[in-house]
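Heads up: the protein sequence lines correspond to chains A and B, in order.
Per this note's numbering, residue 1 is the first one in the first sequence, and the count goes up by one each step.
Per this note's numbering, residue 1001 is the first one in the second sequence, and the count goes up by one each step.
Errors might be hidden in some of the hints.
Sample of chain A residues at the chain B side, in silico, Cβ under 10 Å [unchecked claim]:
1) 27
2) 63
3) 109
4) 113
5) 175
6) 176
7) 184
8) 240
9) 285
10) 288
11) 294
12) 297
13) 300
14) 302
One side of the interface only, derived from the structure: several residues of chain A facing chain B at Cβ under 7 Å [said to hold, decoys possible]:
15) 20
16) 117
17) 244
In short, the hints are calculated from the structure, not lab data.
Glycine residues also receive a C-beta, built at the ideal position from the N, C-alpha and C atoms.
Protein chains: 2
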Amino acid sequence: VRTLDWSACGIRLIDQNRLPDEELFLMVREVDELVAHIQSLAVRGAMALGVAGALGMALAAVRAKERGEDLDAALDEAATKLSNSRPTAVNLSIGVENVARARREGAGVAELVEVALAMRDADIEANLAIGLRGAELLRGARRILTHCNAGALAGVEHGTALSVVMALQREQPLDVVYVCETRPLLQGVRLTAWELARGGVEHRVIVDAAAAGLMLGGEVDAVVVGADRIAANGDVANKVGSLSHALAAHRAGIPFVVAAPEDTIDAGTASGADIPIEYRSESEVLTFEGREIGPPKSKALNPAFDVTPADLVTAVVTQRRTILPATDQVAPALPHPDTTGVCPSTP
Amino acid sequence: VRTLDWSACGIRLIDQNRLPDEELFLMVREVDELVAHIQSLAVRGAMALGVAGALGMALAAVRAKERGEDLDAALDEAATKLSNSRPTAVNLSIGVENVARARREGAGVAELVEVALAMRDADIEANLAIGLRGAELLRGARRILTHCNAGALAGVEHGTALSVVMALQREQPLDVVYVCETRPLLQGVRLTAWELARGGVEHRVIVDAAAAGLMLGGEVDAVVVGADRIAANGDVANKVGSLSHALAAHRAGIPFVVAAPEDTIDAGTASGADIPIEYRSESEVLTFEGREIGPPKSKALNPAFDVTPADLVTAVVTQRRTILPATDQVAPALPHPDTTGVCPSTP
């Protein structure tokens, strides 16, 4: 499923908040609408956010031209709004910056749209490559554990962690994929389970807290997750809970593999300590489908991400290489040779 | 709050499935009703289950006498039903066995009730002692993380982990208690948060997966949890998720303390590998407040407990001693000097 695309009217995206109950595609005509969808997580996932940032800038350019507004002022405003909509996700800013840079280099509206579309196409290609590379690394693993949704729904197509899962599945049907439900927003049970069910992959949903017991009990061959940002030293910021799985995988002696495109590697971030962690609304923890689950006076703390130290990361698999953070240099990311659309955040 | 008690009519217990929305006390008149309440987790927690087992046997004895039925046959039947209602919880069987043994030694119905009431009283006293001992061990810790509910609601009064928290709080108000919500049944946010709010303790509810990030981020001084069973080598079975917290505490260099009565130590169980793990219904994972959260074809796996290896346990605090599993002998448990109601599972 192509979760995010460009059309004559604007940006077309699947509303992930409606899944798995219904497949609803939204047509986004204004940047403010896109910002709202990014914040509500209707569109989410590191790579999709990168492409969304670029397409959002293209949208701003097209609308400014139609309305006869100043192009540079419109792009500046859109860049600020889009970059601030999710502070932890580095890809969002990269997508925005790719289009902004093209404009600084003199591109017109049509060329800005081309830059955004090139990012979309590079994303699809990169995700396929990540899957093949990850499957090569994990050949023989038949029981995989994953967290959150690093699937097609987190990108434009294919995904990262689930691209690895699907590549393994094509070689030989997997015994089981353990899908961590991923509280508080349940992307695992809502999105990943939906993708695996759609793809005919044998899977079991578990609560996040059950992962460690399964790993130490010998029930898991490998953990594969995505990443929201990878620091220059190999520390990985990903959905809250990833760190627990890395600790358990380390203790169990099984690989903890991070599947992510090169541009998730942020050479400008020295280590995990420099990655800002987004704290989201308390109500995501304290309510479910609008109903309060705790006592009325209790408060919550809701970090959306955590940081896995590099020494717990067996490998980072990108579309261009397999990095072993314990021994390999992680940053800078390798430039993508085929397109100007994807490039390292620090040239 | 006294969560479980004996009255002229039968067993009185607070329905924990109604909390935190309402305080409803149930009057249980038959063993089958008690079994149903144990299985639905209306009554839960290692210690409460021990007392519930004993009171259930007392109830069977009283009813058999009233109906002119054979006392031993009624007790045998009740023992089987009660012991099988939650296979992982060792205390349940201990409570049952205490009354059964008294009968084998010739006790009449009134004496059997006395044995059960002595267990209740010993439980209350033990929990207070556990709290004081734990607070002594953790003096100076102001930011505590706990999982599930090892509070008054898990015992008859006071609890274990929360007895430690309340003892620390009496010395000096705590900065914060991080309450893991404890999926799938949310005992943390429903019960522990309710107890802490009631006790005026500053607290924040977090998703289970957020605990590791807080610990490695330096936000937690100590982890305190209860236990469902402690093997002779110090391995600890507790609510699923405890293992993750122990791994994170170990990495963060903070204490992981298990607060539990002596009779949770099962000398008959050599190590964690010998502890049967209860797998509960898939629907607990796949539904939330009665609503399906995943795709209709997806299945779940729902282990209720996990096992924390002894080397990750900083200390086990009981009513009688502070055990450091790395260096101290854990089993056999110390006999309780004050009562015949609480005793080690293997004499």
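Hint by hint, here is what the structure shows:
Against a cut-off of 10 Å between C-beta atoms, the interface hint on residue 27 (chain A) is violated, since the closest Cβ of chain B lies about 25 Å away. With 10 Å as the threshold, the beta carbon of residue 63 (chain A) stays out of range of chain B, its nearest partner Cβ sitting at about 37 Å, so the hint is violated. Interface hint status for residue 109 (chain A): violated, as the beta-carbon distance to the closest one in chain B is roughly 41 Å, over 10 Å. Here the hint on residue 113 (chain A) is broken, as its CB sits about 35 Å from the closest CB of chain B, past 10 Å.
A distance limit of 10 Å between C-beta atoms decides the matter here; for residue 175 (chain A) the minimum to chain B is near 13 Å, and the interface restraint is violated. Restraint check, residue 176 (chain A) versus chain B: the minimum CB separation of about 9 Å is within 10 Å; hint holds. Of the supplied interface hints, the one on residue 184 (chain A) holds, with its beta-carbon coming within about 5 Å of a beta-carbon of chain B, less than 10 Å. With 10 Å as the threshold, the beta carbon of residue 240 (chain A) comes within range of chain B, its nearest partner Cβ sitting at about 5 Å, so the hint holds.
Interface restraint check: residue 285 (chain A) against chain B, minimum CB-CB distance 6 Å, threshold 10 Å, status holds. Because the beta carbon of residue 288 (chain A) sits about 5 Å from the nearest beta carbon in chain B, less than 10 Å, this interface hint is met. Using the Cβ-Cβ criterion of 10 Å, the hint placing residue 294 (chain A) at the interface with chain B is satisfied: the shortest such distance is roughly 4 Å. The interface hint given for residue 297 (chain A) is met, as the beta carbon of that residue sits about 5 Å from the closest beta carbon of chain B, less than 10 Å.
Against a cut-off of 10 Å between C-beta atoms, the interface hint on residue 300 (chain A) holds, since the closest Cβ of chain B lies about 4 Å away. Annotation: residue 302 (chain A) was flagged as interfacial toward chain B, and the flag holds, the nearest CB pair being 7 Å apart, inside 10 Å. Look at residue 20 (chain A): its Cβ gets to within about 4 Å of chain B, closer than 7 Å, so that hint holds up. Nearest Cβ of chain B to the Cβ of residue 117 (chain A): about 32 Å, over the 7 Å cut. The hint is violated.
For the restraint placing residue 244 (chain A) at the interface with chain B, the shortest Cβ-Cβ distance is roughly 4 Å, inside the 7 Å limit, so the hint holds.
Going down the numbered hints, you'll see the structure goes against 1, 2, 3, 4, 5 and 16, while the others check out.
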